[in-house]
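Sequential numbering of the sequence shown, starting at 1, is according to full-length UniProt numbering.
Just so you know, the hints here were simulated from the structure itself, not pulled from any lab data. Check before you lean on any hint, since a few could be wrong.
Computed spacing ranges between beta-carbons, pair by pair [claimed, not checked]:
{"id": "1", "residue 1": "224", "residue 2": "18", "range": "14 to 24 Å"}
{"id": "2", "residue 1": "63", "residue 2": "38", "range": "55 to 65 Å"}
{"id": "3", "residue 1": "7", "residue 2": "169", "range": "47 to 57 Å"}
{"id": "4", "residue 1": "16", "residue 2": "165", "range": "21 to 31 Å"}
{"id": "5", "residue 1": "169", "residue 2": "63", "range": "20 to 30 Å"}
{"id": "6", "residue 1": "19", "residue 2": "165", "range": "26 to 36 Å"}
{"id": "7", "residue 1": "19", "residue 2": "110", "range": "45 to 55 Å"}
{"id": "8", "residue 1": "158", "residue 2": "228", "range": "32 to 42 Å"}
{"id": "9", "residue 1": "63", "residue 2": "166", "range": "48 to 58 Å"}
{"id": "10", "residue 1": "59", "residue 2": "111", "range": "41 to 51 Å"}
Glycine included, every Cβ here is placed at the ideal spot set by N, Cα and C.
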Amino acid sequence: MKNILEIWVRRRNPDFALHAAVSSGMLLSFGLSTAASLLRGARLWLRGRASGGAMLGQDVRFQYLSLIRFGRWLKVGDHVRFSGLGLGGLTLGDRVSIGAFSQVIVSTSLADPGQFIRLGNRVGIGEFAYLGGGGGLSIGDDCIVGQYFSCHPENHQHADPEQLIRLQGVTRRGISIGANCWIGSKVTVLDGVRIGAGCVVAAGAVVTRSVPAGCVVAGVPARVIGYRESAESIDSTPDLQPAFA
């Protein structure tokens, strides 16, 4: 039974290996839960979309599904909402994981739609994330992200004290996060930020300005506190257009 399950899981995660201490009861529980999530994913066929092996938790909602593209083996926790409303829609690469209670929302306005959200292959994002796409959001391949992550690629204008802030419009510059980054829990990234490939962002950081590839950043506002390796040795412009099977 263990060998069968290991072979099956490796279809989504080629590096997967069962720990020797995993019991038959754990395997049974995992198998039943996975089967239920695959059945929920298969319901996408009822909306005219191939599931690609999608594994969906309970109460996962897709709004503007025609503007959403996803690769194979999408894994989504409970109570997650996706909205593709935007000029460039929502694109998820292969083997993307989104934690429970997260919101992946390109835009909420028909009067002023946002740009896009693009997640690369093998991106893993923890629970309670909020990803906005007002000015465009790109996250490169193989990024791992902790819980309560938030990205806000737009800013409200507020220069006129005589006018309501909500009526002064917004500016949108977009956010780009390079491949192979580790972003800790409760990190916030603000509009206009570019995070280079291979960066580590410490838990609780608020990233207000761009940082080069291969660095370690921390703090509020975040600042560079070290380097993993020289920026010249890392490709800081990763491919952010996911490939699909």
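How the hints compare with the structure:
no.: 1; hint: 224 - 18: 14 to 24 Å; verdict: violated (40 Å)
no.: 2; hint: 63 - 38: 55 to 65 Å; verdict: violated (22 Å)
no.: 3; hint: 7 - 169: 47 to 57 Å; verdict: holds (54 Å)
no.: 4; hint: 16 - 165: 21 to 31 Å; verdict: violated (49 Å)
no.: 5; hint: 169 - 63: 20 to 30 Å; verdict: holds (24 Å)
no.: 6; hint: 19 - 165: 26 to 36 Å; verdict: violated (53 Å)
no.: 7; hint: 19 - 110: 45 to 55 Å; verdict: holds (49 Å)
no.: 8; hint: 158 - 228: 32 to 42 Å; verdict: holds (37 Å)
no.: 9; hint: 63 - 166: 48 to 58 Å; verdict: violated (23 Å)
no.: 10; hint: 59 - 111: 41 to 51 Å; verdict: violated (28 Å)
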